[in-house]
Amino acid sequence: MIALDTTDRLILREMTNDARPSSGALAQKLGLSQPATWRRITRLTEAGVLTGKRVRLDAGALGLGVTVFLGIKLATKGRVSLEDFERAVTAIPEVQVVQHVLGLYDYRLRVVARDLADFERVLRRRIMTLPGIGDVEANVLLSEERRPGPLGV
Amino acid sequence: MLKIDDADRRLLRHLQENASASVAAIAARAGLSTGVAARRLDRLTRAGVIQGYGAGINWRALGYTIEVSLRVTLDKTQGNAFDALIAAAREIPEIDEIQTFLGRVDVRLNVLARDLAHYQDIYRNRILALPHIADIEALMLVANVKNTESLPI
Chain C
0 MIALDTTDRL ILREMTNDAR PSSGALAQKL GLSQPATWRR ITRLTEAGVL
50 TGKRVRLDAG ALGLGVTVFL GIKLATKGRV SLEDFERAVT AIPEVQVVQH
100 VLGLYDYRLR VVARDLADFE RVLRRRIMTL PGIGDVEANV LLSEERRPGP
150 LGV
Chain R
0 MLKIDDADRR LLRHLQENAS ASVAAIAARA GLSTGVAARR LDRLTRAGVI
50 QGYGAGINWR ALGYTIEVSL RVTLDKTQGN AFDALIAAAR EIPEIDEIQT
100 FLGRVDVRLN VLARDLAHYQ DIYRNRILAL PHIADIEALM LVANVKNTES
150 LPI
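As they're listed, the protein sequences go chains C and R. Counting in numbering that gives the first Met the number 0, the first sequence runs from 0 upward without gaps. Counting in numbering that gives the first Met the number 0, the second sequence runs from 0 upward without gaps.
Just so you know, the hints here were simulated from the structure itself, not pulled from any lab data. Any given hint could turn out to be false.
Straight-line C-alpha distance at most 25 Å; calculated DMTMM-like pairs for lysine to aspartate or glutamate [unchecked claim]:
1. R:Lys145 / C:Asp83
2. R:Lys2 / C:Asp57
3. R:Lys145 / C:Asp134
Here chain R is said to cover these stretches of chain C; the calculated rule only asks that three of the stretch's residues, wherever they fall, bring their Cβ under 8 Å from a Cβ of chain R [as the list claims (entries may be wrong)]:
4. 7-17
5. 86-95
6. 99-112
7. 116-124
8. 131-142
9. 145-151
Each residue gets a CB set at the ideal place from its N, CA and C atoms; glycine is no exception.
Bound-form chain R, shown alone:
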């Protein structure tokens, strides 16, 4: 595994704060020369520490005002319950996150909907048709108090 030192961590911290900044600007903030910073960022990218850069989407600006976190408990007597549920969930475009857990919840599905009627339609016709579900609990998003992909590095 790649050894990551304090200078790498400073670079990554500033990159997390503003991924659109130029290498020169990030280098200056991290107290490094542009050349050294560019080489280090390149090394971190080749080692897979930096996986990529993606743009965020504000779903509200596209009219998706409802976001619901569905906590699913599976019928574990079915050997393929996880794989079957995840494969079927991928077919529902309104699901933008699928996570599996160790704990009381087996799978979490994040659902986006335009309004409550749209959500009800997705829930009744698509979610409840998913295989091997034993129980579902819903948490409806009221407000994002903090939402950062930033890691404490």
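Isolated chain C (complex conformation):
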């Protein structure tokens, strides 16, 4: 595990928001030297803290207007059924997130679709036909806010 100082936290905050600027531009913004900033970014990357640049797309503008979170309980449990379920569910392109969880459900899923009719098609044809599937609960996403997380500076 890597220890962070205030400058590291500032760099992480900036980079999660905008990973595009060069280390020079970032250095200027934070009042650091370019080599010092570059060294810190390299250290954070090598420690596995920074995990690569990702593009943020407007799902709605691309015709994907509906996001639904699903809670899923498996009807049958056992090593084989978990593996079968996981293999099948990860292959569905509309499923962005699959998390194995402990609690009321066994898995939580994030699913995108064009609209509610399209979501119903995905639910009926792809989700409800998954091996071992039991109870399914659906909640339609209305708003979402990503926070920086525990990077208190």
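Given chain C, work out where chain R should sit, using these hints.
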């Protein structure tokens, strides 16, 4: 709204796969010239389809080994329940995602903690102090089976 054609979709697909690749590399994969690809990416950015580029953070590498999805039901007899809860949740740095839903769950809070003792402390002292909560269910993350921000485009 901006009209998005197949060439745009190919570009965005490759950009989602590897946002760190150069424009030339993405253009080649999408079967376009670098100039055409650069103009199209610029147009998609100006139209807000490409919202930005952010670095991911691996919280485990920072010692946050616990991740819990809290499903909150609100006391809807309070008119400002949503706004009050969300405003208070923003003050808790360990919460990195806040979503609202149409369904049985009203709000989802994603909580990061260093260990179970730290989680218990956040839960008892910060989460349970949030306003207008009628009920909370917790799903503790065991494993990320699939976690992609990628859209099926």
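Verification of the hints:
1. R:Lys145 / C:Asp83: holds, 14 Å
2. R:Lys2 / C:Asp57: holds, 14 Å
3. R:Lys145 / C:Asp134: Judged against 25 Å, a Cα distance of about 20 Å means the pair holds.
4. 7-17: Satisfied; 5 residues make the cut.
5. 86-95: holds (count 6)
6. 99-112: holds (count 9)
7. 116-124: violated (count 0)
8. 131-142: holds (count 7)
9. 145-151: Check passed, 7 qualifying residues.
In the structure shown, a violation is registered for the earlier hint numbered 7 alone.
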